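Student: As a plain string of letters, each chain reads:
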Amino acid sequence: MLNLLWLIPALPFLGFLLLAVFGGRMNKTGIAFLGVGSVGISALLTTLIGIDFISSPPAGHSFNQPLWVWMNIAGFKPGIAFYLDSLSLIFTFAISFVGFLIHLYSAEFMIDDEGYSRFFAYMNLFVAFMITLVLADNFLLLYLGWEGVGLCSYLLIGFWYKEPENVYAANKAFIVTRIGDTSMAIGLFLLVLHFNTLDIQNILQSISTQWVRGSSIAVLTAFLLLGGALGKSAQLPLQTWLPDAMAGPSPVSALIHAATMVTAGVYLIARTHTLFELAPIVQNAVAIIGALTLLIAGFCALTQTDIKRVLAYSTISQIGYMFLALGIGAWALGIFHFMIHAFFKALLFLAAGTVINALRHEHNMFKMGGLRKELPVVYWTFLIASASLAAFPLITAGFYSKDEIIWYSWASNIGSPWLWLISLIGAFITSVYTFRMVFATFFGEQKTPVSHKPGKRIKIPLIVLAALSVLGGFVELPETMGGFAPFTHFLHHTLPAVALRSEGSGTELLFQIITAALTLAGIYLAYQFYFKNVKFTERFKQTGLSKYLYSGCGFDWLYDRAFVYPAIFFARINKNDFIDNMYTFITCLSTALNEMLVKTQTGRIRWYATVITMGAVITLTIVLVS
Amino acid sequence: MTFVPFESGLILAAVLFLLGLIGVLVRRNIIFMLLSTEIMLNASGLAFVTASARWMQPEGQIMFIFILAMAAAEVSVGLALIMQIYHQFKTLDTDTLSNMKG
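Chains as they are written, first to last, in the numbering used here: chain A, 1 to 626; chain B, 1 to 102.
Bear in mind the hints are in silico, worked out from the structure with no lab data behind them. Predicted model, so just to flag it, every value in this text is computed and none were measured. Hints are not guaranteed to be accurate.
[Said to hold, decoys possible] Here chain A is said to cover these stretches of chain B; the calculated rule only asks that three of the stretch's residues, wherever they fall, bring their Cβ under 8 Å from a Cβ of chain A: (1) 13–27; (2) 84–97.
[Unchecked claim] Pairs of lysine-lysine residues, derived as DSS-like cross-links and limited to a Cα-Cα distance of at most 30 Å, are as follows: (3) Lys162/A <-> Lys373/A; (4) Lys447/A <-> Lys599/A; (5) Lys90/B <-> Lys599/A; (6) Lys101/B <-> Lys90/B; (7) Lys453/A <-> Lys28/A; (8) Lys599/A <-> Lys101/B.
Where a beta carbon is used, it is the ideal one built from N, C-alpha and C, also for glycine.
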């Protein structure tokens with residue numbers, strides 16, 4: 001069974017090829033069948049392989065499948081090879097399964113779009129690259145997947161390329177992530193330089209034996225890889241592309257910009273955790289960046305009016321939680337939060353997409369309202385996902401994943417009260433903005449009529465994801481509830497467990513109660529300010545603070561002035577340099593000559609005859625005289 | 001048998017050639033331009049014949065036959081073109097037919 005591993009990325013890739021070549025000649029049923037089916041079989045295979053892997057684990061809890069040698073240059077021999085362990089299995093499962101549900105949803109959601117086959121071709125290609133990324137056995141293949149998903153993200157953000165803003169957003173996403181990718185590439189060059197291989201397991205082993213903890217080379221490499229992760233995962237200071245990336249269709253936002261691609265940074269850090277453990281400064285930086293990001297993005301989400309932008313900022317914020325978990329050494333919990341987040345955030349985006357579609361592309365959630373009765377399935381699933389996002393105590397999966405991150409940010413031996421406080425405030429804000437969204441969209445009076453009701457293929461993914469957003473949490477219970485934790489136990493084959501601080505960590509129960517109380521308080525606050533007492537929020541909207549947060553904390557403004565305008569300025573003054581002038585001169589000369597000669601083309605045949613005669617006379621004269 | 005002097009033959013050819021040339025340059029009617037071209041061709045043919053008589057060589061006369069054949073071909077093509085021009089533009093005035101002005 002494990003030998004079929006290569007089929008998981010190969011099937012979506014085959015789907016892409018078929019759709020790219022024959023998509024134009026197929027009808028929509030065929031396209032949907034091919035596009036959804038390829039990912040569906042992948043998901044099925046992943047499930048079977050996962051069951052096989054868990055029930056009879058291979059030696060060393062990892063399985064390596066080399067397919068062929070990619071290139072062989074002076075001993076540097078990266079292969080096309082896949083590596084399955086508990087970490088990549090969980091990522092592959094989340095990607096293929098959530099990916100399948102989103103494909104199924106898209107089959108109905110995109111039905112009226114003229115680019116139906118193009119959409120599925122891109123989506124299949126994305127899934128293929130994403131699975132390649134997480135299954136890659138060496139960094140080069142990982143980098144191929146890494147850039148491949150970046151490409152698909154670009155193509156899908158600009159899917160409706162006839163609108164200039166969408167193309168602008170796509171360019172922005174591509175360029176900003178490219179900054180991180182460059183940093184990551186340099187990090188990989190350093191690794192090749194030192195070990196002359198890019199095989200991940202080899203490198204991790206060599207690192208742990210050869211590099212000293214805290215040495216400058218370890219810190220530098222970790223820092224460069226972190227740069228790549230920050231770009232891909234939209235963390236501070238490279239987070240500005242994600243809110244704009246919402247220009248793409250909603251399933252794209254759900255799959256790429258919430259569930260899978262943006263968590264590639266989390267995967268990279270978890271995969272190279274050995275390196276980060278050797279560079280404590282960088283690991284601290286991961287925690288601090290995560291904490292700051294979750295706080296800032298949370299505040300930004302509070303003031304957004306576009307429902308998808310709220311979700312985008314919330315995604316940035318939740319990935320901040322994952323980074324925080326990685327930074328405090330709770331590796332497995334970061335991955336746990338990734339999985340739960342993939343479920344509920346994909347659901348939120350899909351439900352939001354349905355709402356937007358139902359209201360004729362209305363994105364402003366303050367123009368929605370009262371959809372509770374009109375779209376009951378969407379309402380209930382959205383409510384469940386929101387509760388999960390806000391970490392509603394005990395019943396939702398989000399509670400189990402987030403609560404433990406908050407607890408370990410205090411209790412881990414590299415955690416700190418500050419990180420705990422920030423993550424706690426973040427949890428409070430999360431529940432406020434989440435339920436602000438719920439109240440604005442589904443409660444109150446209806447402001448826009450519903451024009452289109454979702455069908456079966458939209459409802460099924462919503463319901464399945466809603467179930468997962470609740471049940472997904474029970475694979476990992478905290479110590480206070482019996483400590484039934486097969487998920488982290490499974491991951492500990494790959495990732496180390498959290499090291500708790502030795503003394504004075506307090507009782508977990510107390511912290512859980514504080515977190516739960518704050519979450520409920522946040523929901524109550526949202527109820528007060530965005531449902532009962534709207535006047536106050538209307539006044540708040542006029543303040544400068546609100547406008548500042550609405551613009552994403554001014555990062556775009558700052559970057560425009562710091563980088564974009566100077567670049568444009570230099571381009572402008574460089575336009576007239578010497579070499580350019582040379583070429584301009586040549587064009588001017590030929591234009592002038594052209595204009596001169598054009599005048600002789602009078603179109604009058606007698607004039608031509610005269611000129612020919614004159615030419616003949618002159619030539620004859622010269623011949624005779626000389 | 002008296003020979004026409006070589007020089008007068010050439011002078012006649014030159015005068016004919018000039019007349020043809022002037023005709024091409026000053027006439028605006030395209031049919032007359034074609035006629036003038038014919039005169040120029042015949043003038044050059046005359047020069048060949050004169051020269052061949054002067055040196056008693058046959059090449060000049062052979063050239064004249066070539067010129068005749070070419071003139072016949074040219075006239076047929078030229079007249080066909082003129083027919084087309086008239087058909088298209090309803091005029092034979094070359095000065096108004098200046099659509100190819102650059």
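Student: Each hint: holds or not?
Tutor: Consistency of the hints with the structure:
Residues of the stretch 13–27 of chain B with a Cβ under 8 Å from some Cβ of chain A number 4, which satisfies the need for three, so the listed coverage holds. Under a criterion of three residues with beta carbons nearer than 8 Å to beta carbons of chain A, the stated coverage of the stretch 84–97 of chain B is upheld, 3 such residues being counted. For the hint linking Lys162/A to Lys373/A, the alpha-carbon distance of about 35 Å lies beyond 30 Å, and the restraint is violated. For the given pair, Lys447/A sits about 68 Å from Lys599/A by alpha-carbon distance, which is inconsistent with the 30 Å threshold.
Distance hint between Lys90/B and Lys599/A is fulfilled; the C-alpha atoms sit about 27 Å from each other, no more than 30 Å. At roughly 19 Å between alpha-carbon atoms, Lys101/B and Lys90/B fall within 30 Å of each other, so this suggested pair holds. A hinted pair counts as satisfied when its Cα atoms are at most 30 Å apart, and Lys453/A with Lys28/A qualifies at roughly 20 Å. Annotation: proposed proximity of Lys599/A to Lys101/B holds, straight-line Cα distance about 8 Å (limit 30 Å).
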